[in-house]
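Asker: Listed below, chain by chain, are the residues.
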Amino acid sequence: MKKYSSMIFLSLLIMVGCNKFLEEKPDRSLAIPSSLKDLRAILDMNYNNLNYPISGAMATDDYYLSLKDWEGISNIQVRQNYIWEKDDLDEMDWRNGYRIIFNANVVLDHIGKMKTDDLEERNSIEGTAYFFRALALHQLCQVFTLPGKDGSKAEGLPVRKSADINLPTVRAGLGETYQFIVNDLQTASQLLPKNTGKYKTRPTQAAAYGLLARVYMATEDYPNAAKYAKFALEQYSFLMDYNQLDSSKMNPFTLFNDEVIFHATTAYAPSLISSICKIDSTLFQTYDASDQRRSLFFGLNKDGSHSFKGNYHGQSDGTLFMGIATDEIVLIAAEAAARQGESAEAIAQIEKLMVKRYRGFTGLNLISNDQLLGLILKERRKELVMRGDLRWSDLRRFNKDKGDESFTLKRFLGANTYDLVPGDLRYAFLIPKSVIQESGISQNKR
Amino acid sequence: MNKSVLFISCIVWLLNGLNVFAQQKTVKGTVSDGINNRPIGAVTLRFLPDGDLQISDSLGRFNLSKRPMDTLLSVNHVGYESVVLRVVNEADLPIKLFPISNRLEEVLISTGYQSIPKERATGSFEFIDNKLFNRQVSTDVISRLDGIASSVLFDKRKSSNQVFSVRGLSTLTETNAVDRPLVVLDNFPYEGDLNLINPNDIENVVVLKDAAASSIWGARAGNGVLVITTKKSKYGQPLKVSFNSNLTTAAKPDLYDQQTLSSEDFIKIERDLFDKKFYDADLNNNRNRPVISPVVELLALARSNGIDKETLERKLTDLGRQDVRKDMLKYMYRNPLNRQYALNLSSGAESFNYVIGLGLDKNAGPSVGNKYDRVTLRNKLNFKVNRRMTAGIAVYYTYSSNKTNAVSDISPGGNKRAIYPYAQLADAAGKHLAIEKGIRLNYADTAGGGRLLDWLYRPLDEVGFADNNTKEKSLMLNFNIGYQWLNWLKSEIRYQYETAETDSRKHYGLETYYTRDLINRYTQVLPTGVVYNLPKGGILDRGEGNMSAHSVRLQLNVDKGFYADKLKVTAIAGTEVRQKETTQSDSRLYGYDDDLLTTMLVDLTKRYPIYGGLGGDALIPGILSPLSGYLDRYVSVFGNANLGIASRYNISFSARKDMSNLFGVSSNNKGRPLWSVGSSWDITREKFWKFKSIDMLKLRATYGLSGNVNNSLSAQTTLRYFPASLGSLTDLPYAVVGNPPNPELRWEKVAMLNLGLDFALFSNRISGSFEYYRKKSSDLLSLMPADITIGVPSLTRNVATLANKGIDLTLNALVINNAFKWQTNLLFSINKNRVERYLQRPRSLASYVGGGATISPIEGQPAYNVISYRWAGLDPQNGDPIAYLNGVPSETYDQILRTNDWADLVIHGSATPQSFGSVRNTFSYKRLSLSFNITGRFGYYFRRNSIDYYALYYSWLSHTDYNNRWQKPGDELHTDVPSADYPVNTQRGTVYSNSSVLVEKGEHIRLQDINLSYQLTSKINVFFYVNNLGILWAANKLGRDPDFYNTLPNPKTYSIGIKADL
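Going down the list, the sequences are from chains G and F. Using the working numbering, the letters of the first sequence map in sequence onto residues 1206 to 1651. Using the working numbering, the letters of the second sequence map in sequence onto residues 159 to 1220.
Isolated chain F, as found in the complex (with noise of 0.2 Å):
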């Protein structure tokens, strides 16, 4: 390693001891037009800054005499675009000037070290241009990619949008980010929130998907790198100012679309509930008064002769009535309503060039109460020092400021986790009204005689006192030093600081139910007076995150042509150094007054009595781990050549290493050699192709190695430490022992195969790409059976191996080309992945049951599974469900739940799409352009909720399958629901929750946006964009988006916008 980064130095110094000393001679060329090589004729041509100025004859020659200090070559000819041309010992020119506007684009591929033209790549790289990426409206970058990046799968089983994986999952660690996708953002890794990035400072975004393109990252391209390239200005450029502006609103959501049981059906339930005493322990619970319904509540008093038969039937009517769906349509939520502001400004004069990026997003969320606003400046400056050295420099900030002060969760808590459905939030006078929350409102309502704090909970009045925020600053930094030392060879350093820091506050007011929930607990109501051991005050919770990392970087790039350019050889090789340091601190504060910014002080060693002893004596509640802080650094040498030959074969190698701070590996064993080899053929450039109307067909292999990063491992005995936290016995601190010593730690290996087609046809009418890759994940870290004598549960090894295979396929189509234009744009992928190798086996098989949320690894298997019981229908006598017993349906569901048996389980298959696609099909007609997008997701299932009876009667979950259950004999034919149970079989309910009758394909194919544009001037340009369109067609004959079967679907989104360029 040392060695490397010698050599490189040692090259940097020779070089600059190397004095090129040229005589003045002359320089000859032609000047051509780009698309059809016709030769141009009035061509203007001059050396930068004072040469004298030429102009070609008509068959494009010209014949320039060129001094030792001319090296930039300007050209220009009306109708073409200018270029600047770098001349150094070239005595023929041939130049080639591309018409403005006509031309082909030829597409830069930035890696995050270079940028290569697409047709020398031998690698796999999906392109994302600003068009298509604007094509969308969103305030982050990264759900802009679902849907329009072949091979890019987004996980909608977790609640962000913006997870997502980059052909399938290389490795088996869920925890610390390592199954997540590096991003880059221009040069370096992005270590902040992915949230602070404004997309309108976006000018394209690059998937690297094999290993040859993305293993120049190394050990942190396992699971595919997506490098976000920023708006950059040109030398020589007028004054561009872009204007864009959209607004974006939504539905409420659909709280009716829960599958939720109505009033009347609860109501029902809880009368029989009561008529078998089933609340008469919480009734009479005069220790921890648990929550008791309205219901409940005036049965009882009817039972006790409080209220007369017809009263209570009166009143349990108009609760019937009641749903509070309703209220919370009204009061909770509102109709979200986006605004977006993005103003960008670049510029370029012959010696420098700048952008300058101004955005504003303000967001009024669905819940009233949030808000989420960001501002970002973005500064991005270039200058040439002299000839041959660059600078640039580059800022960019971001504040953003998250209020999250909606009432989220109305539940009452403890056991209950929904609230009754017939809960009113306000009376008809707008009042707000209280709920049950956390202890009985009838004694809360009434306890201490009115010399506690109010006690009651009213949801609609705790947004109002709601004061919670989190701020985010985040500054990068970059900087950049060019240097040409040759024609073919330039120097680069740079660097980049980062720094984000995260402010969250969380002040619960004296007026918020919290603190006045907790005051109570901790309040003594004596003879003598009342005694507070909580100070009568608010509560104020603060983290301060802090992250900043450096990057440093040292590169040299070759670009330089042999025989006449017949032997092009473009190669970098480097070395980076890198370091990341998060720290992390929480407090509260007690007694807290935000007008004066007093707090007071409590004991928090000491145990307090709980008022009414609804708890025993308990500690004043703390910070659990105040404290954290963690570094990753990184030291790596690099290197990538492309040699291309004949401009029809090219060749690929790279090589990287890097080394990290693992701790208590000695430095040899830190890293890890990564390298890949690549291969492109165009066959249409051989001499022999005679197919005029295939215009490109082009092959691709490659092969290499990359890694996924966990420094969370240590090789060493390690400890780990804790403060003295709430519930510890003693005020100590102390250390837990990790896992045991392992010495053979390393990272994960991702080996991957590549072979590609790329094609186009009747000139370029059609065009695509086909791929084929298998993906090798070894050494994967995975916990391998243990011995627990030995002192741990489980050892944490390198020992798992994980395949992945499958097809991308992008095919675009200009279907009509007239006045009329159709445009067609297909992506399809499949991924198909399998645990290989897989040590640890549970203790029963009946342990892998599930929905697939998480990864529990079985070989043979892909490593997210949905696996059931193996239903065998409802007992006719009875309505219990049955399912299997070592093969034989079976009704003794403690067995079942430990069956060790696969015959009584069902493998149904992957819980994430095998395959998913999309087709957006975009037609224009003069000023007017539409364009709609149809996805679909394939192979792969998910469980349904249905009726939990232990969760309706004990948390009040209702399902409305309740109402399919079974009544009586005969039921079973029709219906899969099993009667309900009382006393509740709580192993009952699980074999039915997760028996094989629930699970569901998820196949389905949805409308997921459209986007209506009209040109208004040359200049502005007017959208129309809804998302979230909705099923076309789903596999499960339910009815319902198999992608939120269980949740909310999105609302849609309506969005217009404007955008103007200047």
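Chain G extracted, bound-state conformation (with noise of 0.2 Å):
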């Protein structure tokens, strides 16, 4: 009898086990987001940092490609987008951009049922997540929507409060998505450290300030520019001495270095390797020999021509960097300035930038506010050359309709000649095709 009674003793526990056997994990390395540690593994993902669009910057006159090289290309939607086809783009970058702002979204859907005693870091992972969505639409928006301002009737993009796939996709105004990048940044601001802790990958507030700077320069609204570049500052100001630095280096620059205050980068262009991605060389000339940026950004190739090595990710591989850094926000600082008429202020940014730059800068001479503002403009080009999408970024700032600062951009191909003029429709890239299909949100126009 005791024999059988272990058997039935077995099939009870079975049958009182079951439910509780059932709901161990198939694989350990998995989990549910139920913790704060969860949330914030998600935004320590690389994928947050490393991914935000590139077509923009591949569309820019900081570099040309030889016929030659540009047929060696063998994504053609990389080749089109050279020479701002009517087609339209890969998915990559509506892809990653979205994927970033998921991310986020996930993390914001879960953050209000933590609980929690570690306010510090729940406050730190929540604005880290608005960050990480506001910078992805913005850098979205360079790509898919024309330039305007902030307010305006325009189309936007998509904006996404929640990681639920059942909200359907519709595109927001242009002035409601800058509107919604702004919030998502004020908040930011609000819960973000002041401090930079160790890692460079997460924000801080002084990152909020700089982003909100750099996405209110996008919508021309100096003023808040100017006031968000000083916040910024007034964090973090560091400037490094270029005349201190080995331009011998084949990368002269290293990642997470002290200007550096969040870091984050481009996904690859196939384009934009150091082999075959030439610096123009009308640009080139615009750094004289007292420039340090001369010989710290770029290589010579055999050809005579130039190569750009000056990545503030300390590597030439196809990617760019686009993270905030100091020398962007006292630029923005210096034209926000210029731009008000500040010229005191404008002047004693712009010169904090120039020291740290030229080789035996004294300072500026007394000049004209427009020559300053000319003088700021022709800094910030020379400044942030292949700065992620920050130059397409300008030219659309400069060329969205036929104003004073216009012109019309030119790539040669062999025989052929490519144009893109100011206030060209092309200045927003068309939503790929996918997406149409799917959501049905309207296309760019053409």
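Source of the hints: derived by calculation from the structure; they are not laboratory data. For each residue, glycine too, the CB sits at the ideal point set by N, CA and C. Keep in mind that the hints are not guaranteed to be accurate.
Claimed, not checked - So the derived label-pair ranges between C-beta atoms look like this:
1. Asp-612(F) <-> Pro-1475(G): 36 to 42 Å
2. Glu-1425(G) <-> Thr-686(F): 55 to 61 Å
3. Thr-1321(G) <-> Arg-995(F): 45 to 51 Å
4. Glu-1325(G) <-> Gln-742(F): 35 to 41 Å
5. Lys-764(F) <-> Gln-1648(G): 45 to 51 Å
6. Thr-1487(G) <-> Lys-484(F): 58 to 64 Å
7. Trp-1289(G) <-> Asn-1204(F): 40 to 46 Å
Both chains are sitting in their own frames, so use the hints and assemble them into the complex.
Answerer: Set out below in structure tokens:
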């Protein structure tokens, strides 16, 4: 009898334990977001720092390709991008951008349910999620919407407020889209920690202010740009002295260098690898002999042309640094001040930068306001060459219509010439076909 | 679910309380011959252990007195097999005895849950008996089934010879072995490495093909089930000793069969490219120092006047005479030798029996340096605890060691995927020579001015240096108790514990190229001295895998006849709990000293400069994903019943519910009830049946559901954690958000209808079966298009449907039955599958183009498809390939590669055979027996490789089609090989490589093997076996083996062996 009772005991055990028995997870590395640690781990995924839209950067006048190199690129969309072809883009930028937004939304969807005593970490995580969502959406706007100001009625982008896949995809107005970005960043700036921690892949308050300044620049809201640039610089304003750097190195700048406030890079572009991506020669000529950037940013190719080696992430691998760095913020502060007629502030800011960039720089001579703005824009052009898609963003700003600062971009391939005139609709790339098909949102005009 | 478990427990409980009292009574009966039904006289009958002896009369009648404790009746007669019967209440007992050796073997088919006589089965079973199973010679179990089991198709596209399917594909998921059949060893799913099972321990193999046969395995049976049964002993069996040994060898692989260019041709191409300055960038590259072939080095030297023209020509002529294959065959390959020894002991007494199996395999593979050893020990012990209770215990232990010290790939690496054909591995004196590897040889030779480690790669040295070994240990413990409550009711508890440990070790000693190269790269030679950022010592990579599985099963068996066995009920019901846990950990140690077992520490977080600027500052490589752990749990209830009516009608039912720990699904949704029904009718047993020459004609029909399990998906938002890895921006672990929530997630469902006809004619001289089936897999997990704005590129949902239909035909004929015997066995199967529903569509139809190596579903087409760009010949002007764009011939390659027009593409058809079969003929005369197997595979296509100029110039991959290339106008009339272009247009190459002109029919017939055996004495048999004999006929007109078109065919193997039964 005893023998069989063990059998009965076993079956009872199974019966009771059955539900619990099947609750165990099948893969130890799986988890359901249930703690702050899980949410932090989602945000710590490198993907969120590495895959920002590149289409804008590929379309700038910072560089050129030889016909042979252009033909050697196997990705058709990359080739078409180079000549501002009307055909649609690779899905990559849209996918990457909205993937980062999705990650941030998963965190924001769950953060409310987390019970914790560590309020500081909780706030930091929430702020980080808002920051990433804003950054991704802003960079998407630079590629897929026409340039315009805050409050514009033009078409913006789908604004996704939750990771719920059942939410419909609809295009918000451009003004509404920018307002959303700004709101996220305002919230983020209240939540993010002040001091830079160990990791520059995690945003800080300074990064949120810096990004706000960048967003306001793109929308030509110069008073706000000046305001937030100043806020950012109050938190962190260190500039490297280029006179101290070694230009013989293959990559003179290192990953997480001292000017980096927040680290991020674009996705990879085959047209931007240093072996084929050649710096515009007119642009190169604008760096005079005393300008340390001439040798720190550029390497000499065998054919006499120049390649770019000045990435702030220490590599020349076809991706570009596009995070928040002090030099960009100083330039924003200077330009925004100049545009508002605050010459003294503008001069103070730009001198702060120039003394770290030129050999034997002693200060600016007295110049007119117009000249000052011209000088600041020239410095911006030279300092932020190949800095993510900042040049593309600037081109959009200057060429949104046939204004004073506008000009026509040109590409030469063999016997063919391609133009991108001011106000051209191609300043907004086409949204991937599959997105239009699946969601039914309206396509950008051609 | 809980209720059913409770129910079963209750029954067990109730039965326990039953007391069966019986009074002494008499048992009458007759004994007759099982074959001709004649009564047998003078049969000895006795109740065990101490009943009175009785002898049957001349009419076979007997009359026994039976005490209450008498239950086991032993029946013996000279010339007949002894039987022991269980007698409880029967008053009238018909006993059948079968003549020894003449007995028509009653085939018992094991499903893993029960053994059922074949004639009562309604389902579709493929039975491979011991004799057929042992016709082939192999180290493993699975590969023996190739060509001898109907509906079992081996996938020759895979490098492993153990990938097979039963009745086609049931899922669209290729990962996590979701598409593999379930393998059952004795009673439980086998979770370990299939190579660890010794074929000499196997009694028979059963393939469960249709729903009635396999649905008892429920959610894992969708791809078919293979039940492997090990050898058993019997009670009351005298000691049997059998010994089996064989030796197998083979030719060296036929490297000359590779369709590569000769050294002379290759040098000619290199000279041509050199003149076009193709190599100048590499020659001038002072950064990465890419490899440069010896010919190009010589040409460069000559250009800079380092050597005169005459010397150059002489040296090039010498190189042109070299052939690396000669050295490879001489030094890197050998005739393999596989030795197999097996010893089996089995014996049984009244109350216990045992089997002991010992096996030893020692394989020295065809590549010098590779060695595989396996030791198996199997012990199975059964005993009768008392009249009602039996117990069994089995232990199966396997140890294997796999040394992989051969140099398998001597290509230089990077973008160079083959070595130049004139490479020399050793000089005339046998001294090992260096070849290009990783970085340019003439740089590596002098770099560091003697202050670095030797940086040259001598492949033949590496064989001696390599120290790689993977050891596997597997232990299975099986324990069971059976209790006979009533003569028709039995309960069983089975428990199995399986554990396996894999310990892999890769020791790269300091003398190995791998270690020397890595250390050199992380070395800095400074004026102040040499800095080693990587310790000067060996590198040890270790991997440790652990698997453990527990299975418990409670089962009730009912076997009862009513109305004088006019109605027979055989049923089982039970519950089962299983758990399988696997863990894996990998590690790397630097500065390892194998003598002292010392290691040194390195800083994996720091970036170090790379010697000579060969690369940017880099981290020291560590292990990417050092730890993983998986846990699968199942709880199942099952039941199965077979009603036999009037020995000619059979009706079967089965039902099963499985639940598993699918992640994030509430318990209610974790399971899925699966069931089957079936029936059979043996017409020849009807009274109206008059055709004497037809011995058996049985119709069968079944329908049922089984499933496929994929526990890797989840219903909720899940995170997958990853450790900080090489190349990460930070040292932080991170998590990736998986698929978005899918509350509808469920297991895949496979519904199958099977209609069968079994027949036997002319006193069983001809027998066979014909089966037709339809199989529909629905709720298949597959991608469906998603709006990428939601944040994920695609969604995986239960949305696809796949349909299979087919025929299995088996025909056995004893054509001549004299002293000379001729037996023919024919197997033929047709299986066609169609994707019926699949939602994901690519951006352009051109992305379907391929050789069908992976599943890319198109509705209305087979799952594995060969699809090409439509070929339109060569351009007569310049030999450029022409394909179609929007329906018209075109050379706009970039557009063709993005075409969205079916008119531009050709769908050839399935990449896997849609019909296949074999004919096995056995001739025997007295003691000699000769058998050979001819197999055929039909209805499929494959793509042959051809010349790819980009691969030729940049990767050194050549192809003899180069010699047939278009060279001048007019050539297009007799060749399809495009002209050599320079600079290479890769898109042009891609269009040609994937064009319809390179697709061939795979249909072929081959002579698979021959077995010649001789019965030396009544107990000793010797045999000679040859495998992989070759192609008899092939549809492609190029004279090559379609299953190995782009690789090397398996060499013929030769075995001799001896089997002794003592």
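Asker: Look at each hint and say if it fits the structure.
Answerer: Cross-check of the supplied hints:
1. Asp-612(F) <-> Pro-1475(G): 36 to 42 Å: Given about 38 Å between the Cβ atoms, the range holds.
2. Glu-1425(G) <-> Thr-686(F): 55 to 61 Å: At roughly 56 Å between Cβ atoms, Thr-686(F) and Glu-1425(G) fall inside 55 to 61 Å, so the hint holds.
3. Thr-1321(G) <-> Arg-995(F): 45 to 51 Å: With a Cβ separation near 46 Å, Thr-1321(G) and Arg-995(F) satisfy 45 to 51 Å, so the hint holds.
4. Glu-1325(G) <-> Gln-742(F): 35 to 41 Å: For Glu-1325(G) and Gln-742(F) the Cβ distance comes to about 37 Å; the hint holds.
5. Lys-764(F) <-> Gln-1648(G): 45 to 51 Å: 49 Å, holds
6. Thr-1487(G) <-> Lys-484(F): 58 to 64 Å: 60 Å, holds
7. Trp-1289(G) <-> Asn-1204(F): 40 to 46 Å: Once the Cβ atoms are compared, 43 Å apart, the range 40 to 46 Å for Asn-1204(F) and Trp-1289(G) holds.
In this structure, every one of the numbered hints holds.
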